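Modelling step: build the complete structure from the supplied sequences, incorporating the hints.
Heads up, the sequence shown is in the working numbering, so the first residue is 7 and it goes up one at a time.
One or more of the hints may lead you astray.
Result set (DSS-like, lysine-lysine): computed pairs, CA atoms no more than 30 Å apart in a straight line [as the list claims (entries may be wrong)]: (1) LYS29 x LYS17; (2) LYS44 x LYS18; (3) LYS17 x LYS44; (4) LYS44 x LYS27; (5) LYS44 x LYS29; (6) LYS27 x LYS43; (7) LYS56 x LYS43; (8) LYS56 x LYS44; (9) LYS29 x LYS46; (10) LYS46 x LYS17.
No lab work stands behind these hints: they were computed from the structure.
A quick note: this is a predicted structure, and the numbers were derived from the prediction, not measured.
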Amino acid sequence: MPRPECPSCGKKDRILEIEDKSKPLYYSMQGSPVFAKKWKCGNCGHVFEKE
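Structure representation (structure tokens):
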């Protein structure tokens, strides 16, 4: 899987995958939610959706 590029600053080297707490996908057998993922740029702080 290629590294995503920040749509704001164009950098690829410091992209972090974070949980999107506004989008629970399902709840595990223990009852804890599993969230969708999104990307956050470590350079400019822009948050964008995973494709």
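Each hint, compared with the structure:
Distance restraint check for LYS29 and LYS17: the Cα-Cα separation of roughly 26 Å lies within the 30 Å cut-off, and the hinted pair is therefore satisfied. Restraint check for LYS44 and LYS18: satisfied, since their Cα atoms lie roughly 15 Å apart, inside the 30 Å limit. Under the criterion of a C-alpha separation no larger than 30 Å, the hint pairing LYS17 with LYS44 is consistent with the structure, at around 16 Å. A C-alpha spacing of about 10 Å is found between LYS44 and LYS27, which places the hinted pair at or below 30 Å, so the restraint holds.
For the proposed pair LYS44 and LYS29, the alpha carbon gap of about 10 Å is at most 30 Å, so the pair holds. Using a Cα cut-off of 30 Å, the hinted pair LYS27 and LYS43 holds, with the two alpha carbons roughly 9 Å apart. A C-alpha spacing of about 7 Å is found between LYS56 and LYS43, which places the hinted pair at or below 30 Å, so the restraint holds. Of the supplied pair hints, the one linking LYS56 and LYS44 holds, its CA atoms being roughly 5 Å apart against a limit of 30 Å.
Between LYS29 and LYS46 the alpha-carbon distance is near 16 Å, which keeps this suggested pair within the 30 Å criterion. The suggested pairing of LYS46 with LYS17 holds, with an alpha-carbon distance near 11 Å, which does not exceed 30 Å.
Hint violations for this structure: none, all hints satisfied.
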